[in-house]
Amino acid sequence: MKSKIISIAILAYFLILSGCAYDNYDPPKSFLTGSVTYNNIALGVRSGATQLELWQYGFQLRSKIAVNIAQDGTYSARLFDGDYKLVRLSGAPWANQTDSISVHVSGNTTQDVTVTPYYTITGENFAYTKNDSTMTATCMVTKVGTAAITSLTLYVGITDIVDANNASQTTTLNAAALADLTTSKTVKVALSTVNKARSAVFVRLGVLSAGSSERLYTQIQKITLQ
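Letter 170 of the sequence shown, counting from 1, is numbered 170 in the numbering used here, and no numbers are missing.
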């Protein structure tokens, strides 16, 4: 019994030492930053909905690092210097890509991530007509992949985070209204009494394709109402 107690004490001692050694590692000081892009343009996404993964090879502990993509398509990760593999995950509003991107982090490092969206939205314009309290959005929607289009939605929000989960008003064009993508699309919504009383609102457009749970969004714009 006494020998068991001694063995446990010795084991605890070494565990404490190893814990101290681990705690003595300097924290990571380098930043890997970039944008998720198509044709060198950052792609908008839903806040907190899409991620990248980083894997560091040759390090003492090999584990994945989840990296959130911000709603404007940018990302940032604080890392140790070294060689990483950057992986694009499924479930985003762009085609799955199984290949990884090799990234060497040394100090602050920039690495954009190229993807192929199912659809793009370009030339977006937002205008508010005060006499009838109407917010009007126009844009071009272009098919890039092979997936069918599901909808185009105008989102109006009261903060600078706007998406399918963060909007005070929305209006949607369904697939039938989007059959011909050679012409500009128009989406309108009459602002509610609460919204039109504000000095400004935030707006963006989102396009959803069949088989995807996430929309591709335009960048958010602030529209002055008063």
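Calculated from the structure, these hints are not laboratory results. Using N, Cα and C, we set each Cβ at its ideal position, and we do this for glycine too. There's no promise every hint is true.
Result set (SDA-like, lysine to any residue): computed pairs, CA atoms no more than 25 angstroms apart in a straight line [said to hold, decoys possible]:
1) K130 / I223
2) K29 / T98
3) K130 / Q51
4) K222 / A179
5) K143 / N39
6) K185 / I220
7) K185 / N125
8) K196 / S168
9) K29 / Q51
Label pairs and their computed distance ranges (CB to CB) [to be verified]:
10) T172 / K196: 12 to 22 angstroms
11) K85 / T136: 21 to 31 angstroms
12) A175 / Q111: 14 to 24 angstroms
13) S30 / S90: 20 to 30 angstroms
14) P27 / T134: 45 to 55 angstroms
15) N68 / I158: 17 to 27 angstroms
16) F80 / I223: 11 to 21 angstroms
17) I161 / N40: 40 to 50 angstroms
18) D26 / T146: 25 to 35 angstroms
Each hint, compared with the structure:
1. Simply put, K130 and I223 have alpha-carbon atoms about 12 angstroms apart, close enough for the 25 angstroms limit, and the pair holds.
2. Between the alpha carbons of K29 and T98 the distance comes to roughly 29 angstroms, so the proposed pair goes past 25 angstroms and is violated.
3. Annotation: proposed proximity of K130 to Q51 is violated, straight-line Cα distance about 39 angstroms (limit 25 angstroms).
4. Only pairs whose Cα atoms come within 25 angstroms are accepted, and K222 paired with A179 is rejected, the gap being roughly 30 angstroms.
5. As the CA atoms of K143 and N39 are separated by approximately 14 angstroms, the hinted pair is consistent with the 25 angstroms bound.
6. This hinted pair checks out: K185 and I220 have alpha carbons roughly 18 angstroms apart, not beyond 25 angstroms.
7. Proposed proximity of K185 and N125 is supported: the alpha carbons are some 11 angstroms apart, at most 25 angstroms.
8. At most 25 angstroms may separate the alpha-carbon atoms for a hinted pair to count; K196 and S168 meet this at roughly 11 angstroms.
9. Distance check on the hinted pair: K29 and Q51 sit about 22 angstroms apart at the alpha-carbon level, within 25 angstroms; holds.
10. Distance hint for T172 and K196: a CB-CB separation of about 20 angstroms, consistent with the stated range 12 to 22 angstroms.
11. Judged by the Cβ atoms, the range 21 to 31 angstroms given for K85 and T136 is violated: they are separated by roughly 45 angstroms.
12. At roughly 36 angstroms, the beta-carbon separation of A175 and Q111 lies outside the given 14 to 24 angstroms, and the hint is violated.
13. Take S30 and S90: their Cβ atoms lie about 28 angstroms apart, and the range 20 to 30 angstroms holds.
14. Remark: the range hint 45 to 55 angstroms for P27 to T134 is upheld by a beta-carbon distance near 52 angstroms.
15. For the hinted restraint 17 to 27 angstroms between N68 and I158, the CB-CB distance of approximately 23 angstroms keeps it satisfied.
16. Between F80 and I223 the CB atoms are about 43 angstroms apart, so this pair departs from the stated range of 11 to 21 angstroms.
17. Roughly 25 angstroms separates the CB atoms of I161 and N40, a value that falls outside the hinted 40 to 50 angstroms.
18. At roughly 48 angstroms, the beta carbons of D26 and T146 sit outside the given window of 25 to 35 angstroms.
Comparing the model with each numbered hint stated earlier shows that hints 2, 3, 4, 11, 12, 16, 17, 18 do not hold.
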